[in-house]
Every structure is written in C-alpha cells, then in structure tokens.
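Chains as they are written, first to last, in UniProt numbering: chain A, 1 to 150; chain B, 1 to 150.
Rather than coming from a laboratory, the hints here were simulated on the basis of the structure.
Mixed in with the good hints there might be a few duds.
Claimed, not checked - Some, not all, of what chain B presents toward chain A, calculated at C-beta under 8 Å:
id, residue
1, Gln38
2, Gly50
3, Ala63
4, Met67
5, Leu81
Since the model is a prediction, treat every value here as computed from it, not as a measurement.
Even glycine gets a Cβ: it sits at the ideal position worked out from N, Cα and C.
Number of protein chains: 2
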Amino acid sequence: MAQELYFDDLDVGRRFESEPFAVTAEAIKAFAESYDPQPFHLDENAAADGFFGGLVASGWHVAALTMRRFVLEGLPVAGGLIGAGAELQWLRATRPGDTLRVFSEILECRPSRSRPTRGTVTIRSETRNQHGAVVQVMTTRIVVPRREPA
Amino acid sequence: MAQELYFDDLDVGRRFESEPFAVTAEAIKAFAESYDPQPFHLDENAAADGFFGGLVASGWHVAALTMRRFVLEGLPVAGGLIGAGAELQWLRATRPGDTLRVFSEILECRPSRSRPTRGTVTIRSETRNQHGAVVQVMTTRIVVPRREPA
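Next comes chain A alone, as it looks inside the complex:
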C-alpha cells in the first residue's frame, strides 16, 4: 500500500490519473438494472429508438466507475476517501466498448475553521474516452485529516 497522505501532504495543482478501463454492455446493464432501469441503459433494441440511438451507460454508472478508480489508483488519503459533496457534468454518452480514463487535479485545499484536525480538499476529475473526449467532469470535496492539528 502506498504511504498514507494527510492534508499537510497535499497541494493545489497536484495531478494524478488512472489506468484505462473498459466499459462493457454487460456492466452497463448490470448497473442499470439495480440503479437506473431505463430502456436506453438496459436493452440495445429499445435504446436504438431512443435519445441516444443506442445503448449508453447511466451517468451514475460513469460516476461510480470514476469513484472506483479514485479508490484503487487515486490519492491514498489517511482514513480513506470521505466525500462531503460532488458536482457532476455529463458531456457525452459512454457506449459499450468505450475505454475510459480519469485525469484528476487538486483545485483547492482548505483547512477547516471549526475542526483543527481536518481540512477539505477539492478535486476536479475529467473522465475521458478512447478518443480523448471528456464524457464527465466530476468535482469532489473530500474530508482529509491533518497530520498535526493546526
């Protein structure tokens, strides 16, 4: 396991990225069955007539896959990645066979005023497909412990 990172170890502008990962039709449908059961996420034939003209991944699936990459390959924050909030923009559809990759950058590191033992770190992540096109922008605020209380 990589060395654990504390608030004091993080700086604005730090960048990190994931390995590429494929999105299959099976994975798209499995997520949709549990969490977003709409025809354009579940069935190629029904999807062909819909808004997207074919099967596409739920935006929430893309968000969840982006989170998975954070956990497996992102910043090894002490105590884990604890989200306070997030903002999502879905710019393009993700289709079966697409290969995605997450490119992240720290936007802000803000010490807590009320709690000297922690701070909030804001990370902007672009999830791009195999053509380099951005399919999702996710901005996440995480709670990060300080190595030494302020």
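Let chain A serve as the given structure and place chain B on it in line with the hints.
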C-alpha cells in the same frame, strides 16, 4: 404506465416523493465491492475503527438509490430521465437498516436557447432517513423534450 410528461407540463414548485425503502448491509457491501471498495463500506469490523464507527453506505450508493427511485416513482418524463448534471451534498451517514425516502421539488424550468425542441428542468431532492434527517441533497438537471417546439 403514467402519462408521459413534457417540458410544457412541468412547473416550478411541483413536488413528488418516493415510498420508503430499506438499505441493508448486503446492499451496502455489494455496491462497495463494485464501485467504492473502502473498508468502512465493506466490513463491519474494519469499519468499527474508522471515521464513521461502523459500516456506512457509499455516498455514491445513496445517489444511485435516489436515482432508482426517480426512475421508478419520479416524473414520467417523455423519452426518459436524461441527466445533464448533478450536485450532491452528503450530510449524514446511511447505515444498515436505515429506511430512506426521497422528497423532490422542481426548482427551475428553463427553455433551451439553442434547441427549440427541449428545455432543462432542475430538481432538488432530499433523501431523508427514518428519523426525518436529511442524509443527502441532490440537485439534478435533466433534459426534457417540449410537446410543441417553441
């Protein structure tokens, strides 16, 4: 199926809510294994020593479950619920055995300037637990077709 709704059918202030639904330890772990594999979402014993003092649902799981309720019990928008973006705040942890319910309200209905065939509708949804406490606020922007082009 309920009658399909178009942009022209929706108004600011319209409210809707879901039935209550339970969140089990099994469901928390299943989501986490696929999308947010951190100890406090996967294992009661490991979670006991962590930030939350016990097993908690991933915030992304709460978001996905909220989306599921939108699809099953939310607005039956013509063509489906197509998200352009979303904002999330996670205010409290969701624990095994909690029962959640989603309370939603339309905040804004904005016709598209560039595309006369659609508009954007902004919905604010509070996901509350069995104590009435808000665990998540989700604000979603969806793309909704017009019945008649503007």
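Exercise. Please flag the earlier hints that this structure goes against, numbers listed from lowest up.
Key: none
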